[in-house]
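Take a look at the letters that make up each chain.
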Amino acid sequence: MLSQPFRYSYIDAKVRTIYAQRLKKSDWRVLDSCNDQSCFMQYLSTTYYGRWLEIISKKKEGTWSLGPSLYLALFNDYHKIARALGKAPAQIFQGLFSRFEAENIKILLRAKKVGLSRNNVSHLLYPVERFSRIQWDKLWKASGVDGTLEILLSTYFGTAIGHAKPQLEHHGKLFPVEMAVEIATYRRIWLAVSTLSSKKDRNMARMLIGSFIDAMNVYHVARLRFIYGLSPEEALNYSYPGGYHFNLRSLHNLCRAQHMSDFIKAMPSEMSTVFSGNENVTDLQPRLQNWVLLRLKRAFLGLPFHLGVEIAWVLYREMEIDSLIRLYESKRVKDRNRMGRLIPEMFLQED
Amino acid sequence: MFKPVRLFRITIQVPDRYMSDVLGILGDFRLLHLINISETRLGQLGYVAATRAELVARFEQLLKNASSLLKSLEVKGEIPAVEHAPRPEKDIFFLEQEINQIQSSTLPVLSKIEHTKRQLSQKKDLIKKMQLVSPADIDFTRLSSLYFTVYRFGTLPIENLDRLEESLSDIHHAIVKIQESRKQLVVAAFCLKEDSEVLDRALKSAFFNGLDLPQDLKGHVGQIIKDLKDELGPLETELEQLEREKEELAKKYGTRLLLVREKAYLGRILLKASAKFGKIDHTYLLTGWVPVDSYERLKERILKATKGLAVVDAVDPEEVREVRSGIIKIPILFNNPLLIRPFERLTTLYGTPSYQEIEPTVFLAISFVLLFGMMFGDVGHGLVLFLAGFYVFRRLYKYIDYGIILMECGVSSMLFGFLYGSIFGLEDLFPALWLHPMKDIGRFMFASAIIGVGMISLGFVLNLLNIIKRKEYNKILSASGLTGALLYWLLAGLAIRYYTIGPPGPLEKAVSEGVAALLLFIMFIERPIRLFLRQKRTHLSDASSKQKKPSLSVVILESLIETLDSVLRFLANTVSFVRVAAFALTHAALFLGVFSIADMVSHGSRSGIAYFLTLIIGNIVIIVLEAMVVSIQTIRLEYYEFFSKFFRGGGVPFKPIVETEKDLVSDKGA
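Chains as they are written, first to last, in my numbering: chain G, 1 to 351; chain F, 352 to 1021.
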C-alpha cells in the first residue's frame, strides 16, 4: 500500500496533466457547430491535438487522414505510460495497444487476399509502426496471405493464427483468422490484468477494462447476431474473453436473443440505461462508450496512486478520438442530425 | 595490363538463312560486346529489332524441363563445357528430341517414387492422428454403427473449452477430453444427429480442428496403428528400390541433361541478344565491339559459314563518329593476369576506367596487398587468411575472386609477419627480419610515410600519362599536373632529407625556397592565364556569346584558394598513410590485450584450458575484426589518396554476348 505513491506519483501527475487538456464541453459544441471539415480542423488545431495535426497538414484531407494523426497522439501516450510502469502493468498497455496492431493485421490480410498494395490501404491503417515490435515492412513484402501468416506465426499473434489457419486453408475465408487475432488480443489483456500483484490495481483494472470489454462484447455480439446473422453458439465463441458484468452464462443469454427487444432484456441491470428507447444497432457505439466513460470517470475520483488512472486515461482518449472522427466524417456527408448520436453524452455534459 | 584490350568496332551483315549459324559462331566466340542497333545511325536507316518470341519461348520451356528433371533426379557433378554454342533455329529440334527421350525413360520411375512417397506420407499422417486418440482406445467398428449420434475427433485450444461447453448448453452433447498435447486438447465431441449442425458451428467457432479420420476405419485404435505400421515396411522397401533406380538414371542421363540445359541456356541468351540486331528485308545487321586480335578469326569463321555472303567490316574506334561525338563509349575489356584479375572488382567499384586512361588495377592490386600485409603482419593470422581464401577458392566458386584476394593478402601478411617476427602475437619465437612495430614506432611511421610518398608520386606520374593520352596539354601545369608533382617531390625530398640527414644547408634552403616559390607562382597564375586564353578564343569565334564571364578578381581568388588547397592536400594525403603504421600497432596492441586477459583468467599461470581458450577466442576476434578494419582502411587509402590523383572513370564495361561460365552458373543458381 505504501509503495503505491512511490510507484504512481510521477505517472499519475503526468497523466492528470494530460487529462486536464482533454476536450471540454465548449470544445465539443464548437466542433459540432462547424459546417464543414475545414472549420472543424481549424478549431481542432487550437486544441491539444494541434501539434499532432501538423503531421497531416500537407496531406489530402479525409476521414482517415485525420485518424492517423489523432491515433498517433494516443499511441504516444501508450508508449510513455508503458515505459514509466513496471513489467506487469506495462503488459496491460501493450495488450490494449495490440488491438490496433490486430486491426492493421486484418487490413493487411484482406489487402493481400485481393492483391492491394500498402499504398492502396494506407488510409485505413493505424500508425502503429513507431511503437510496434512487429516488422510491418517485412509483412508487407511477404508474398500473399500464406507468406504473411508465416511471418505472423513468430509474433505474439502466432498461437491464435496457428489455431485458425487450418480453417483458412479448408474454407479459404479470412474471417476465422481475423476473429482469432481479435480474441487473442483481448485474452492477452485480460491475462495481464490477472497477473497484477497489487490488489487495488487488479480490482481497478478489472472494473475499468472489464467494463470496456463488456461494452465491446455487447456491440460485437449485436453486430454478429443482427448484422452478420451468426448463430448464438458462434456469437458466444467469437465473443471477447474477460468482462466485469458479464459471465459466460449471461453472455450466452445475450447471444441467444432472437430480436433486439430480447437482446435488451438480456442485458445486465447495470447496463440497462444504454438503450433507453433506441434499439438501433448502428447507434449503439456512442451510447456504450458513454456508459464506459461514466465508469472511467470514477478512476479520477477518490484516492489517487493506482493503475486505474492510467487505464482510464488511455481508454478515455481512445473514445475521444473515435468521437472526433465520427463527428468529422459527419461534416463530410453533411449529416445535420448528428449531435447526441455520434458522440457520448458525457462529453457534452461536463467541463 | 596497364591498358584495356584494344577493340575494333565491327558491323556484320548476314543473309537471314545463315543467321542461325552466325548466332552459333557468336555464341562460341563470346568476346563480342553487342550494341543495340537502334542506338546507332544504322537504326535510322530502316533496320528494326529482330525478335523471335516463339523460339525464345521454346528454349525457355526446354530450360524449365531440363532443370526440373535435373532436380528430380538429384543430378550432381561438374557442368560440362559446351564446345559449340547451339544454332538456335536448328538445334532446338535436337534438344527437344533429346529431352523428350530422357523424359520418357525417367518419368515412369519418378512418378512411381512420387506416388509411393505420397502413400507413405498419408499413412504416417494417419498414424500420428491415431496416436492422438490412442489414450481413449476407441473401437471404430462400434463407433461407425452409431445411428442417432454423430461424433467428431479433433483438437481444440484449451482456453476455448469452457466457451464451447457453454455454447452447446442448449443441446444434448458430450465433449470427451482424450489428452492434452501442445496447449491443445484432443477431444471427441458427440451430439444427436439432429443437432449436428449446431455442433459443427460451435466447433468451428471454437477453432476446433477436425482430425479428418477416414470413414472406413475398423477395430481398436491400437490395432489400426499396428496395421498401418506393418504397411509402412513394404512401402519403404519399394521406395528404396525406386531410389536406386533413380540413381542409375541420374548416372545414365545426368551429363546429357546438364549439357541440354547448358545449350538451352546459351540458346536463350543468344536469342535474347538478337533483340539488339536489326533486320531489313532478308538481311540481318549487327554491330558491336571485338578485340582487335580476335577480329580476323571471327571474320574468317563467319565468311566460311555463310559461304562468303556475309559482309564483315571493322573500323578503328577513333574513326567512329558516335564515339568521337561521345554518343557511344568504347567498352573496357580488362586484360590482367590471373592474380591481378580479382582486383578488377575493386577498381570497378570506384569506377570503370575510360578507354583513354591508364587501367589502374595492377597498381591497385600490388599496393593493396602490400598495405594489407603491413597492417595485418602476422605469420599465423596470414596463414589463417590464406587457408580461408583457399577454402573459398576451392569450394565457393561464385566467390572465387574473393578467395584469391584473401590468399594473396594472407601471403602478404605472412611475409610481413616474418619481417615483424610475429606468429599469433608471439614475438619471441623467431627474430624479426626487419622490426617489431611496437618497439620501433618512429621508424615504422617513417616507413609508412615513405610508402605514402611513393604512392602519391605514382599517382602524379599516372595522371601525367593520362593527360598526355587524353591530349589535355593545358592541364600539364596545373596543381594535379607536372607543377604540382614537382612541388610535391621537392617538399617530400626536403622532409626525407631532414629526417635522415638533418636540416638542409643555406644554399639548399635558398634554392628550395626559390624553386618552391616559382612552382607555387606557376600553379597560381596557370588558371587565370588558361581562362584568359580560352575567353579570347571564344570571343574570336563567337562574339555574340552571352555566357557570363567570371571577373578577373574572382578567378585570382579562386586560383589562390586552389593553390593553397593543393599544398594542404599534399600534406594531408601523405600524413594519411601514417595510418598504415597506426593500424599495424593496433594489431600488435590487440595481441597485448588478449595475452593480458588470458593471464588474468589463468591467474598468471599461463596454462590451463581457460588460458588457451582465451587465446584462441582472442585470436579469432582479432582476425575477424582486424581483417575487416584493415580492408576498409586499405580501400580508403587506395580510393581517396591514390585513385583520386589520376583516375577519372566513367567508362563502360565490356559485356560479352554470352557471359562467362562462372556467371552462367550463378545466374542459374539464382
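Worth double-checking, as some hints may not be accurate.
To be verified - Heads up, simulated DSSO-like pairs for lysine-lysine below, C-alpha to C-alpha not over 30 Å straight-line: (1) F:LYS749 <-> G:LYS265; (2) F:LYS427 <-> F:LYS534; (3) F:LYS475 <-> G:LYS173; (4) G:LYS173 <-> F:LYS1006; (5) F:LYS555 <-> F:LYS544; (6) G:LYS113 <-> F:LYS555; (7) G:LYS87 <-> F:LYS427; (8) F:LYS480 <-> F:LYS468; (9) F:LYS630 <-> G:LYS138; (10) F:LYS820 <-> F:LYS441; (11) F:LYS602 <-> F:LYS627; (12) F:LYS475 <-> F:LYS528; (13) F:LYS415 <-> G:LYS141; (14) F:LYS623 <-> F:LYS422; (15) F:LYS463 <-> F:LYS475; (16) G:LYS199 <-> F:LYS534; (17) F:LYS749 <-> G:LYS141; (18) G:LYS14 <-> G:LYS24; (19) F:LYS534 <-> F:LYS474; (20) G:LYS80 <-> G:LYS173; (21) F:LYS1006 <-> F:LYS630; (22) G:LYS173 <-> F:LYS463; (23) F:LYS474 <-> G:LYS173; (24) G:LYS141 <-> F:LYS422; (25) G:LYS173 <-> F:LYS887; (26) F:LYS749 <-> G:LYS106; (27) F:LYS479 <-> G:LYS173; (28) F:LYS427 <-> G:LYS173; (29) F:LYS422 <-> G:LYS106; (30) G:LYS113 <-> F:LYS415; (31) G:LYS138 <-> F:LYS749; (32) F:LYS749 <-> G:LYS173.
If you are wondering where the hints come from, they were derived from the structure by calculation, not from laboratory data.
As the structure is a computational prediction, the values presented were derived from the model and not from experiment.
Hints and how they fare:
1. At roughly 74 Å between alpha-carbon atoms, LYS749 (chain F) and LYS265 (chain G) are farther apart than 30 Å, so this suggested pair is violated.
2. Restraint check: the Cα-Cα separation between LYS427 (chain F) and LYS534 (chain F) comes to about 44 Å, which exceeds 30 Å; the hinted pair is violated.
3. At roughly 29 Å between alpha-carbon atoms, LYS475 (chain F) and LYS173 (chain G) fall within 30 Å of each other, so this suggested pair holds.
4. Distance hint between LYS173 (chain G) and LYS1006 (chain F) is unfulfilled; the C-alpha atoms sit about 50 Å from each other, more than 30 Å.
5. Between LYS555 (chain F) and LYS544 (chain F) the CA atoms are separated by roughly 17 Å; this keeps the pair inside 30 Å, and the hint holds.
6. As the CA atoms of LYS113 (chain G) and LYS555 (chain F) are separated by approximately 22 Å, the hinted pair is consistent with the 30 Å bound.
7. The straight-line distance between the Cα atoms of LYS87 (chain G) and LYS427 (chain F) is roughly 55 Å, outside the 30 Å bound, and the hint therefore fails.
8. For the hint pairing LYS480 (chain F) with LYS468 (chain F), the CA-to-CA distance comes to about 18 Å; that is within 30 Å, so the pair holds.
9. Between LYS630 (chain F) and LYS138 (chain G) the CA atoms are separated by roughly 47 Å; this puts the pair beyond 30 Å, and the hint is violated.
10. Taken as a hint, the LYS820 (chain F) and LYS441 (chain F) pair is broken in the structure, with Cα atoms around 48 Å apart against an allowance of 30 Å.
11. This hinted pair does not check out: LYS602 (chain F) and LYS627 (chain F) have alpha carbons roughly 40 Å apart, beyond 30 Å.
12. Among the hinted pairs, LYS475 (chain F) with LYS528 (chain F) is consistent with the structure: their alpha-carbon atoms are about 24 Å apart, no more than 30 Å.
13. Under the criterion of a C-alpha separation no larger than 30 Å, the hint pairing LYS415 (chain F) with LYS141 (chain G) is consistent with the structure, at around 27 Å.
14. Distance hint between LYS623 (chain F) and LYS422 (chain F) is fulfilled; the C-alpha atoms sit about 25 Å from each other, no more than 30 Å.
15. At roughly 18 Å between alpha-carbon atoms, LYS463 (chain F) and LYS475 (chain F) fall within 30 Å of each other, so this suggested pair holds.
16. For the proposed pair LYS199 (chain G) and LYS534 (chain F), the alpha carbon gap of about 29 Å is at most 30 Å, so the pair holds.
17. The suggested pairing of LYS749 (chain F) with LYS141 (chain G) holds, with an alpha-carbon distance near 27 Å, which does not exceed 30 Å.
18. Of the pairs offered as hints, the one joining LYS14 (chain G) and LYS24 (chain G) holds, with about 19 Å between alpha carbons and a cut-off of 30 Å not exceeded.
19. With a C-alpha separation of about 25 Å, the suggested pairing of LYS534 (chain F) with LYS474 (chain F) holds against the 30 Å cut-off.
20. For the given pair, LYS80 (chain G) sits about 38 Å from LYS173 (chain G) by alpha-carbon distance, which is inconsistent with the 30 Å threshold.
21. Among the hinted pairs, LYS1006 (chain F) with LYS630 (chain F) is consistent with the structure: their alpha-carbon atoms are about 22 Å apart, no more than 30 Å.
22. Simply put, LYS173 (chain G) and LYS463 (chain F) have alpha-carbon atoms about 35 Å apart, too far for the 30 Å limit, and the pair is violated.
23. Restraint check for LYS474 (chain F) and LYS173 (chain G): satisfied, since their Cα atoms lie roughly 29 Å apart, inside the 30 Å limit.
24. Restraint check: the Cα-Cα separation between LYS141 (chain G) and LYS422 (chain F) comes to about 28 Å, which is no more than 30 Å; the hinted pair holds.
25. About 80 Å separates the Cα atoms of LYS173 (chain G) and LYS887 (chain F), which puts this hinted pair outside 30 Å; it is violated.
26. Note on LYS749 (chain F) and LYS106 (chain G): the hinted pairing is violated, with a Cα-Cα distance of about 42 Å set against a maximum of 30 Å.
27. Between LYS479 (chain F) and LYS173 (chain G), the direct Cα distance comes to roughly 27 Å. Compliance with the 30 Å bound is thereby established for this hinted pair.
28. With a C-alpha separation of about 43 Å, the suggested pair LYS427 (chain F) and LYS173 (chain G) falls outside the 30 Å cut-off, and the hint is violated.
29. Proposed proximity of LYS422 (chain F) and LYS106 (chain G) is contradicted: the alpha carbons are some 38 Å apart, above 30 Å.
30. The hinted pair formed by LYS113 (chain G) and LYS415 (chain F) meets the criterion: a straight-line CA distance of about 29 Å does not exceed 30 Å.
31. Of the pairs offered as hints, the one joining LYS138 (chain G) and LYS749 (chain F) holds, with about 28 Å between alpha carbons and a cut-off of 30 Å not exceeded.
32. A threshold of 30 Å between alpha carbons decides the hint, and for LYS749 (chain F) with LYS173 (chain G) the separation of about 44 Å lies outside it, so the pair is violated.
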